[in-house]
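Trainee: The listed protein sequences derive, respectively, from chains A and B. Under my numbering, the first residue of the first sequence is numbered 14, with each subsequent residue one higher. Under my numbering, the first residue of the second sequence is numbered 6, with each subsequent residue one higher.
Hints listed in this document are in silico derivations from the structure and should not be mistaken for laboratory results. Beta carbons are placed, not taken as given, at the ideal position from N, Cα and C, and that holds for glycine. Careful: at least some of the hints might be erroneous.
What the hints assert, rightly or not - Label-pair restraints from in silico Cβ distances: (1) Gly21(B) <-> Ser41(A): 39 to 45 Å; (2) Pro21(A) <-> Asp76(B): 36 to 42 Å; (3) Thr104(B) <-> Thr35(A): 20 to 26 Å.
What the hints assert, rightly or not - Simulated crosslink set (EDC-like; lysine to aspartate or glutamate; CA at most 16 Å straight-line): (4) Lys72(A) <-> Asp109(A); (5) Lys72(A) <-> Glu105(B); (6) Lys91(A) <-> Glu69(A); (7) Lys113(A) <-> Glu64(B); (8) Lys91(A) <-> Glu28(A); (9) Lys82(A) <-> Asp68(A); (10) Lys70(A) <-> Glu105(B); (11) Lys91(A) <-> Asp30(A); (12) Lys72(A) <-> Glu58(A); (13) Lys113(A) <-> Glu105(B); (14) Lys55(A) <-> Glu96(A); (15) Lys82(A) <-> Glu69(A).
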Amino acid sequence: ILNVEQSPQSLHVQEGDSTNFTCSFPSSNFYALHWYRWETAKSPEALFVMTLNGDEKKKGRISATLNTKEGYSYLYIKGSQPEDSATYLCAFLTTDSWGKLQFGAGTQVVVTP
Amino acid sequence: SQTIHQWPATLVQPVGSPLSLECTVEGTSNPNLYWYRQAAGRGLQLLFYSVGIGQISSEVPQNLSASRPQDRQFILSSKKLLLSDSGFYLCAWIWGLNTEAFFGQGTRLTVV
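The task is simple: from the sequences and hints, build the whole structure.
Mentor: Put into structure tokens, the structure is as follows:
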């Protein structure tokens with residue numbers, strides 16, 4: 014059973030535009046929230062690991078925020094480029110199922126020139 | 006440096022045949038180990054995870070099983086494959102739950 018939900022399922026972005034999407038998770042017993050980028054024919058690669066409410070992390074044009082009290086995280090891509098095209102996955106860990114890393118279904122981003 | 010090996014890369018198996026996928030991690034000790042499956046058009050479904058040797062947590066009751074005979078070895082098995090077992094299988098590890106997971110290259114399994 015998936016407790017983590019990502020929306021939208023997919024989105025198309027024009028090159029140069031900025032975009033964002035959501036990961037929702039149960040707020041109780043929160044431990045950590047991960048974001049991964051998954052390109053076709055490759056393995057998922059980590060973007061961020063976030064643990065504290067209010068955390069904001071940035072890597073180049075990609076950033077993420079975390080709200081553990083209401084159970085959501087946003088991923089932002091600023092000035093999208095075609096190489097940003099990928100599926101973005103979030104995953105979370107809780108304190109009551111120690112070690113269980115559970116992923117959402119992902120948001121597929123397609124950036125068109 | 007740490008590396009993860011997963012094999013085979015592709016596999017075509019008939020219905021009812023057995024399965025064994027292996028994953029090994031190098032360069033670390035006592036990692037958390039995971040088996041995921043991506044069915045067509047869906048995200049990563051957690052199948053099994055292990056926080057130590059001999060400790061296996063199963064997330065999806067089905068005809069698959071997992072074992073961790075050594076600290077850095079994680080094996081996914083089936084005695085009799087079903088058509089619905091087709092998919093892309095990924096092994097992953099984490100050392101410390103505040104750190105990122107690293108994934109193997111995946112196995113594309115087709116059951117015919």
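Trainee: Decide, hint by hint, whether the structure agrees.
Mentor: Going through the hints against the structure:
1. Gly21(B) <-> Ser41(A): 39 to 45 Å: Hint holds: Cβ distance 43 Å, inside 39 to 45 Å.
2. Pro21(A) <-> Asp76(B): 36 to 42 Å: Since proline 21(A) and aspartate 76(B) have Cβ atoms about 41 Å apart, the given range 36 to 42 Å holds.
3. Thr104(B) <-> Thr35(A): 20 to 26 Å: holds, 24 Å
4. Lys72(A) <-> Asp109(A): Between lysine 72(A) and aspartate 109(A) the Cα gap is close to 30 Å, so the pair fails against 16 Å, i.e. violated.
5. Lys72(A) <-> Glu105(B): It holds: about 15 Å lies between the C-alpha atoms, which stays within 16 Å.
6. Lys91(A) <-> Glu69(A): holds, 15 Å
7. Lys113(A) <-> Glu64(B): Measuring from Cα to Cα gives roughly 9 Å; hence the hint holds.
8. Lys91(A) <-> Glu28(A): holds, 10 Å
9. Lys82(A) <-> Asp68(A): Measuring from Cα to Cα gives roughly 12 Å; hence the hint holds.
10. Lys70(A) <-> Glu105(B): holds, 14 Å
11. Lys91(A) <-> Asp30(A): Distance ~7 Å between lysine 91(A) and aspartate 30(A) Cα, so the pair holds.
12. Lys72(A) <-> Glu58(A): holds, 13 Å
13. Lys113(A) <-> Glu105(B): holds, 13 Å
14. Lys55(A) <-> Glu96(A): Holds. Lysine 55(A) to glutamate 96(A) sits at ~14 Å (cutoff 16 Å).
15. Lys82(A) <-> Glu69(A): holds, 15 Å
Hint 4 from the earlier list is the only one contradicted by this structure; the remaining hints agree with it.
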